[in-house]
Amino acid sequence: MSIEKMSSEEIRSSGMKDDKLVDEHVRLNEIKHEPTKGFLQAPLIFVFVFGCLIFVCSIQLAHTTNDFALHPPEEIIELTPDEKEALRIERKISSGEKIFAARCASCHQTNGLGIVGQYPPLAGSEWVTSDPGIITNIILKGLKGEIVVKGETYGTTAAVNMAAVAINDSEIANVVSYVRQAWGNNAEEIFEDEVASIRADSAEKQDQWTGDQIISMYPESFAK
Amino acid sequence: MNNIFKFAIYIFLTLAFAWLAFFVGAKNQYGDLEPTSQYLEENNSIPKGADLFPQSMPGVAQLGAKEYLSLGCVTCHTQQVRTIDAGFDVERGWGKRPSVPRDYILQKEVLLGHNRVGPDLANIGLRGYTREWLHKHLFNPQILVEGSICQPSPFLYDISNERSSGAINADNKADDNVSTIFIKPSLRANRIVSYLQSLKQDYELPEMSFIETQDEDDTEDIKLAEVGTAKDDQVGLPTWLADQIASGKEIYSKITPGGGMCVACHLPNGLGQPGAIPPLDRSDWVLGDKERLIKISIHGLMGEVVVNEEKYVGVMQGFGQPLGSPLNDQQIADVLTYIRNEWGNSVSAISPEEVKAVRDSEKDRELTAMWTEAELQKENSSD
Amino acid sequence: MKKTSEQQIDQSAKFAFSFFVASAGLWLLAAALLAYIAAAKLTDPLFLSSWEFFTYGKIKISQANAFVYGWGGNSIFAVSLWIVARLSQSPVRGTIFLIFAGSMWNLAITFGLLGILDGHMLGHELLEMPKEVWPALFISYLIIAFLILVVFRSRRQSVTIAPQWFIVAALIWFPCLFLFAWNGLEINAGRGTLQSILSMWFGQNIIWLWLTPVALGCAYYIIPSVLNRPIDKYYLAIFGFWCIAGLAPWSVVHHLEGGPVPMWVPAIGTVMSIAMVFPIAVASTNFHATAFKDISRVWNYLPLRFVIFGTLSYTISSYIGVIFSVPAVAKLTQFSIINEFHFNQRVYGFFSMIIFGMVYHILPQVTGKEIGTAAKNFHFWTSALGVFALLLAYLIGGLTHGVLAQQPSLAWINVIESVKPYFLITEFAFLILGFSQLVFVLNLWKVIVPNPFSCCEKNLEQKTA
Chain X
47 MSIEKMSSEE
57 IRSSGMKDDK
67 LVDEHVRLNE
77 IKHEPTKGFL
87 QAPLIFVFVF
97 GCLIFVCSIQ
107 LAHTTNDFAL
117 HPPEEIIELT
127 PDEKEALRIE
137 RKISSGEKIF
147 AARCASCHQT
157 NGLGIVGQYP
167 PLAGSEWVTS
177 DPGIITNIIL
187 KGLKGEIVVK
197 GETYGTTAAV
207 NMAAVAINDS
217 EIANVVSYVR
227 QAWGNNAEEI
237 FEDEVASIRA
247 DSAEKQDQWT
257 GDQIISMYPE
267 SFAK
Chain A
25 MNNIFKFAIY
35 IFLTLAFAWL
45 AFFVGAKNQY
55 GDLEPTSQYL
65 EENNSIPKGA
75 DLFPQSMPGV
85 AQLGAKEYLS
95 LGCVTCHTQQ
105 VRTIDAGFDV
115 ERGWGKRPSV
125 PRDYILQKEV
135 LLGHNRVGPD
145 LANIGLRGYT
155 REWLHKHLFN
165 PQILVEGSIC
175 QPSPFLYDIS
185 NERSSGAINA
195 DNKADDNVST
205 IFIKPSLRAN
215 RIVSYLQSLK
225 QDYELPEMSF
235 IETQDEDDTE
245 DIKLAEVGTA
255 KDDQVGLPTW
265 LADQIASGKE
275 IYSKITPGGG
285 MCVACHLPNG
295 LGQPGAIPPL
305 DRSDWVLGDK
315 ERLIKISIHG
325 LMGEVVVNEE
335 KYVGVMQGFG
345 QPLGSPLNDQ
355 QIADVLTYIR
365 NEWGNSVSAI
375 SPEEVKAVRD
385 SEKDRELTAM
395 WTEAELQKEN
405 SSD
Chain D
7 MKKTSEQQID
17 QSAKFAFSFF
27 VASAGLWLLA
37 AALLAYIAAA
47 KLTDPLFLSS
57 WEFFTYGKIK
67 ISQANAFVYG
77 WGGNSIFAVS
87 LWIVARLSQS
97 PVRGTIFLIF
107 AGSMWNLAIT
117 FGLLGILDGH
127 MLGHELLEMP
137 KEVWPALFIS
147 YLIIAFLILV
157 VFRSRRQSVT
167 IAPQWFIVAA
177 LIWFPCLFLF
187 AWNGLEINAG
197 RGTLQSILSM
207 WFGQNIIWLW
217 LTPVALGCAY
227 YIIPSVLNRP
237 IDKYYLAIFG
247 FWCIAGLAPW
257 SVVHHLEGGP
267 VPMWVPAIGT
277 VMSIAMVFPI
287 AVASTNFHAT
297 AFKDISRVWN
307 YLPLRFVIFG
317 TLSYTISSYI
327 GVIFSVPAVA
337 KLTQFSIINE
347 FHFNQRVYGF
357 FSMIIFGMVY
367 HILPQVTGKE
377 IGTAAKNFHF
387 WTSALGVFAL
397 LLAYLIGGLT
407 HGVLAQQPSL
417 AWINVIESVK
427 PYFLITEFAF
437 LILGFSQLVF
447 VLNLWKVIVP
457 NPFSCCEKNL
467 EQKTA
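Residue numbers (the numbering used here), protein chains in the order written: chain X, 47 to 270; chain A, 25 to 407; chain D, 7 to 471.
Hints should not be assumed to be uniformly reliable.
[To be verified] Listed next, the in silico DSSO-like pairs over lysine-lysine satisfying Cα-Cα at most 30 Å (straight line): (1) LYS63(X) to LYS299(D); (2) LYS144(X) to LYS335(A); (3) LYS132(A) to LYS120(A); (4) LYS144(X) to LYS90(A); (5) LYS51(A) to LYS120(A); (6) LYS130(X) to LYS132(A); (7) LYS66(X) to LYS20(D); (8) LYS144(X) to LYS130(X); (9) LYS132(A) to LYS51(A); (10) LYS120(A) to LYS337(D); (11) LYS239(D) to LYS30(A); (12) LYS375(D) to LYS452(D); (13) LYS144(X) to LYS224(A); (14) LYS66(X) to LYS337(D); (15) LYS137(D) to LYS51(A); (16) LYS20(D) to LYS224(A); (17) LYS120(A) to LYS90(A); (18) LYS66(X) to LYS144(X); (19) LYS224(A) to LYS90(A); (20) LYS63(X) to LYS375(D); (21) LYS137(D) to LYS90(A); (22) LYS20(D) to LYS51(A).
To be clear, the hints were calculated from the coordinates, so they are not data collected in a lab. These numbers come from a predicted model, not from an experiment.
Okay, chain X solo, but in the shape it has when bound (with noise of 0.2 Å):
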């Protein structure tokens, strides 16, 4: 009878019994060592490409994975020493901006100029762009009294006291450095030993500091 009269009931009882498929693949199983006729070509060309893929992936993978790194590789720029010595100027005034926006700009204003009256400014001040050692004092022990910027008279109101807030030595040079060379100021920068060495040397310094003092500490500084 031809496959095409058959009903579907047909077929599937013309089909293999399941105890006949069992067994006829286990059968199948036990000689698959034994060659037979077609048995051998097939393995040699998966074989064959099994070994060619093989040889891909590991090359895809040694090129991929990166040596089982967490981060993701980075182009390695080789910087010439004057490069360096830019990017580390560079990150160590732009933390010093960050601080001054924290710390000092409330009353000092972001762009230097304080408040006519009150707040000293800080751009073009003989008392920010002559000796760092000066802002660096006032910074660890704070001002007090009046003195003279750019001219004109500040008054005792408003002590500078930084020295309430613990501040450490590379976070004053960092802040020092952005104030010495921001807004037109053309000052060169203050190191973090530096600040340790001031620090030290007032270590025994209760009060704040005066005007007057700062400036006998730093005669030629104002000596205009």
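Since the structure of chain X is provided, determine the placement of chains A and D on it from the hints.
Below, chains A and D alone, put in the same frame as chain X:
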């Protein structure tokens, strides 16, 4: 193969090996991953005082992440910028740099996604969309982007035909007078928008710096311009709220008499000083109980307080004091509304009436008697 | 051991098999409905948009879950129960426990889907159902799998053959996978994107190590059984099996290529998924070399026609999948709607087609009733048409999507505009598929469930008389 137990063990091992590598192996690598500064010192240490990234999301945004998840947004939106070798994401302006594992280390629900029927959202907070724009897009994307297939979520909004305070014009017609659809965002909508605005990878990390694309014209910006969105953040606010915030900002930062002088201690960024002055930014005291906040601003606060699980010891003057220049109810309401809506904060405004009510209820208290934390807590629990 | 006749085995499996197939049919319809709603929402975003229950994301996710756990789970239980019993020549035992656990499974999925629609979903791929339902799902699964394995243990011939490997392995894989994923996502939750790796690993492995092996096992059984000739090049089958077992758990993470995970994770995934050509080649050689020796029988026996359609679709689209995992291509297609192509190909074009064939093969033997040839033919042709339209739309649409998306100058909305026509095609395809599945399920229920109206009709006749 014929012994089921042996077979089961083999089957288990095939999975276990992959799991060991992908989970246990990767977990070890992730183990010591913590927020870090944008660049490191020469000896690979974090510079002192540097800000650490990624920063944790504000609380309201974390709630927004849950809403985002529950609505199924992740089905169409990814939150990852692929490396430049693997994709076009940076060129498309979806990020300043590829995302790295560290970016997600603080997120509770990491919703990377793997379908982009909609654009990537890893840096949606950087693309200059205002809150109003995002609300309108959530309400009905088609009025902003013609032809968008993003699903509208009108159920997140109160819809009315009349203009009212706090409502957003969500009609096709831009003119408020002609428009007939005004929407008021629900709490959930606000959370989702806060979450979206907090999604940004706008910092560099030691392992990944920004990538400069040749095409400087940001495509997303052009798109923004096309749909005519104003960039000013305050535009989306109703006038009364914008006024309150503007006036509050002035009081907050004014150090001359008549101002609040808040900025002197709490700083322009609202972060305060560790150990001495508590932060206002995402502070549980600022975002939490209004009454407590008003009480403190009138009478001041002294002694030890715990804010965001950190201890602070200090003294804060009250601004109801006769000394100096006391602030009136309106001014206190303004400055409190401002701090509740600045930085990462985004919660309800405080009205002068509320301040007055607190002032009246504490009439008998001497104006110089500062609160202590214990006292405030007692008051709260007795309520 | 005393030999049990095939009829006795069929009789012992009748009740449990009918129960699982009937509930699988209902889930299939639920999934078809959800799939259509989701597709319709993409073409018209305003469709049902005012109701929070029906956001696109929720519908899409609950459709995948209804499909995989509802239709997939129930039909896996049904066919593996029967095949394992027949090949072991040992009757099914503990029908009452099977029915009990099956009801628990279905109930848990129902609550899980309602939970998703109500907004309580988890953020892990194919683990989205709320936490509370998983213990019930897991326990009911263990009961069912245990009872099937008990039948397997009491087999007459101790040496096992290909269909048994695949089906038994799938039964063991699922709980292992679940425990691994649950441990890493909920108990000792990994930090950051570690969650994404694990969730991707679980979600893809559910397809690769649960649905796929069962369907392959079915094909390994029905082809020699109906054609009355053993599998051609059968000695390769064991190689294919261990290749899938060894490679699939590694290959699935290639979808994370370029993402914020350690680079070696997708790198291994990519290499392993390229190596997947071997198990695919083995399976397709086995199936098609056998089937093409007697193609007229395949064509005339409809269940086998379904199965061969499934295996052909498996071969072709698995190769397409391998191509799309190559990094240079993945760059374009990674996040495009090609992902929909992969998922729908695997669940509709491959798994479901084979299960349809198996159900048509088993049902008459178990119940003694045959489904009408016309209905079966209608089901086959509409399914084939629907699957073709669906997959073609997703494939071409996905390529368009990927290629256009990589042009930064093209605004995103323009990219989506050009994909829209394909979304329209998928909507029609899902409509056709849904209709064809409705016919299937109606016939299924007609055979399984005795007509409740037959007695009423008798009553009516008596009354009128």
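Results of checking the hints against the structure:
1. Restraint check for LYS63(X) and LYS299(D): the C-alpha separation of about 19 Å stays at or below 30 Å, so the hint holds.
2. Taken as a hint, the LYS144(X) and LYS335(A) pair is honoured in the structure, with Cα atoms around 24 Å apart against an allowance of 30 Å.
3. About 24 Å separates the Cα atoms of LYS132(A) and LYS120(A), which keeps this hinted pair within 30 Å; it holds.
4. Restraint check for LYS144(X) and LYS90(A): not satisfied, since their Cα atoms lie roughly 34 Å apart, outside the 30 Å limit.
5. At roughly 27 Å between alpha-carbon atoms, LYS51(A) and LYS120(A) fall within 30 Å of each other, so this suggested pair holds.
6. Under the criterion of a C-alpha separation no larger than 30 Å, the hint pairing LYS130(X) with LYS132(A) is inconsistent with the structure, at around 38 Å.
7. For the hint linking LYS66(X) to LYS20(D), the alpha-carbon distance of about 23 Å falls within 30 Å, and the restraint holds.
8. With a C-alpha separation of about 21 Å, the suggested pair LYS144(X) and LYS130(X) falls inside the 30 Å cut-off, and the hint holds.
9. With a C-alpha separation of about 16 Å, the suggested pairing of LYS132(A) with LYS51(A) holds against the 30 Å cut-off.
10. Distance restraint check for LYS120(A) and LYS337(D): the Cα-Cα separation of roughly 19 Å lies within the 30 Å cut-off, and the hinted pair is therefore satisfied.
11. A C-alpha spacing of about 26 Å is found between LYS239(D) and LYS30(A), which places the hinted pair at or below 30 Å, so the restraint holds.
12. Between LYS375(D) and LYS452(D) the alpha-carbon distance is near 10 Å, which keeps this suggested pair within the 30 Å criterion.
13. Between LYS144(X) and LYS224(A) the CA atoms are separated by roughly 20 Å; this keeps the pair inside 30 Å, and the hint holds.
14. For a cut-off of 30 Å, the pair hint linking LYS66(X) to LYS337(D) is broken: about 50 Å separates their Cα positions.
15. A C-alpha spacing of about 23 Å is found between LYS137(D) and LYS51(A), which places the hinted pair at or below 30 Å, so the restraint holds.
16. Taking the CA atoms of LYS20(D) and LYS224(A), the gap is near 58 Å; set against the 30 Å cutoff, the hint is violated.
17. Our distance criterion of 30 Å between C-alpha atoms is met by LYS120(A) and LYS90(A), whose separation comes to about 26 Å.
18. Using a Cα cut-off of 30 Å, the hinted pair LYS66(X) and LYS144(X) is violated, with the two alpha carbons roughly 83 Å apart.
19. Proximity of LYS224(A) to LYS90(A) is assessed by CA-CA distance (about 18 Å); at most 30 Å being required, the pair is judged to hold.
20. Between LYS63(X) and LYS375(D) the CA atoms are separated by roughly 20 Å; this keeps the pair inside 30 Å, and the hint holds.
21. In summary, the hint linking LYS137(D) to LYS90(A) is supported, as the alpha carbons are separated by about 15 Å, within the 30 Å threshold.
22. With a C-alpha separation of about 48 Å, the suggested pair LYS20(D) and LYS51(A) falls outside the 30 Å cut-off, and the hint is violated.
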